[in-house]
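Trainee: In case you want the letters, here they are:
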Amino acid sequence: ETGVTQTPRHLVMGMTNKKSLKCEQHLGHNAMYWYKQSAKKPLELMFVYNFKEQTENNSVPSRFSPECPNSSHLFLHLHTLQPEDSALYLCASSHGGGSPYEQYFGPGTRLTVT
Amino acid sequence: GQQLNQSPQSMFIQEGEDVSMNCTSSSIFNTWLWYKQDPGEGPVLLIALYKAGELTSNGRLTAQFGITRKDSFLNISASIPSDVGIYFCAGPTGNQFYFGTGTSLTVIP
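Chains A and B, in that order, give the protein sequences.
The C-terminal residue of the first sequence carries number 114 in our numbering, and the numbering is unbroken.
The C-terminal residue of the second sequence carries number 223 in our numbering, and the numbering is unbroken.
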């Protein structure tokens, strides 16, 4: 497996469910990111992890909870989501070192909240 | 937050034509990146620019870092059907990373 992988690719969940998105990078990078991509809006950076430490949380609601157990894996735990949270959730990685240059993206998880 | 405006929003061109698009910001950036996104996939990095005035090519793609550091340009020469997709500019500021509004390209065979 190479690059950045994300599972599942598609997820439908009710507002009372709890689910998790998984991201794994095989590039030897030290920084990982979660983005939200909604229709007709630019990609929005949600969370940044550098060397497993969260360095950015862009005012994301607490119903989104990230976890980074090591430099290769990143999770996004979801609970009590709202329909407006339906979007494509993208994971990315980069060499980090405090500078998020040249990010490499996974294919995304298409999330639908019903 | 920061906004990166891209123009045009969409383009419909004939195969073989050249394409130009640009990205502007109200603030200075020290790095510009260009990505392409196919439907149902994540963005793929095309070109990274690190110096004002820099011109960098990747095959048929050429990107320029504007001299004011507030804009960047992407050109695609001799377009082919697989160039179809959405092109995004992006730039980092500290630990923040901003993406443009995107230019949707359709290539008509």
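Simulated from the structure, these hints should not be mistaken for lab results.
None of the values given here were measured: they were computed from a predicted structure.
One or more hints might be untrue.
[What the hints assert, rightly or not] Straight-line alpha carbon distances no greater than 30 angstroms define the calculated DSSO-like cross-link-like pairs of lysine-lysine that follow:
1. A:LYS41 - A:LYS19
2. B:LYS165 - A:LYS41
3. B:LYS184 - A:LYS22
[What the hints assert, rightly or not] The following residues of chain B were derived to be distant from chain A, with all beta-carbon distances above 12 angstroms:
4. ASP132
5. SER140
6. SER196
[Stated by the list, open to error] Among chain B residues calculated to face chain A with C-beta under 8 angstroms, some are:
7. PHE126
8. PRO153
9. LEU159
10. PHE187
11. PRO195
12. GLY199
13. SER218
In this text, a Cβ means the ideal position worked out from N, Cα and C, and glycines have one as well.
Trainee: Next, verify each hint and record whether it holds.
Mentor: Hints, one by one, checked against the model:
1. Between LYS41 of chain A and LYS19 of chain A, the direct Cα distance comes to roughly 24 angstroms. Compliance with the 30 angstroms bound is thereby established for this hinted pair.
2. Proposed proximity of LYS165 of chain B and LYS41 of chain A is supported: the alpha carbons are some 28 angstroms apart, at most 30 angstroms.
3. Simply put, LYS184 of chain B and LYS22 of chain A have alpha-carbon atoms about 36 angstroms apart, too far for the 30 angstroms limit, and the pair is violated.
4. With a cut of 12 angstroms on Cβ distances, ASP132 of chain B stays outside the contact zone with chain A, its closest approach being about 26 angstroms.
5. Every CB of chain A lies more than 12 angstroms from the CB of SER140 of chain B, the least distance being 14 angstroms, so the non-interface label holds.
6. No Cβ of chain A comes within 12 angstroms of the Cβ of SER196 of chain B; the nearest lies about 17 angstroms off, and the non-interface call holds.
7. At its closest, the beta carbon of PHE126 of chain B sits 19 angstroms from a beta carbon of chain A; the interface hint therefore is violated under the 8 angstroms criterion.
8. For PRO153 of chain B, the shortest C-beta to C-beta distance to chain A is roughly 10 angstroms, which exceeds 8 angstroms, and the interface hint is violated.
9. A hinted interface residue such as LEU159 of chain B counts as satisfied when its beta carbon comes closer than 8 angstroms to some beta carbon of chain A; here the least separation is about 6 angstroms, so the hint holds.
10. Given hint, PHE187 of chain B at the interface with chain A, is violated; its Cβ is 18 angstroms from that chain's nearest Cβ, farther than 8 angstroms.
11. Among the interface hints, the one on PRO195 of chain B is violated; its C-beta lies about 21 angstroms from the nearest C-beta in chain A, farther than the 8 angstroms criterion.
12. Restraint check, GLY199 of chain B versus chain A: the minimum CB separation of about 13 angstroms is more than 8 angstroms; hint violated.
13. Because the beta carbon of SER218 of chain B sits about 11 angstroms from the nearest beta carbon in chain A, more than 8 angstroms, this interface hint is broken.
Hints 3, 7, 8, 10, 11, 12, 13 from the list above are not met by this structure, while the remaining hints are.
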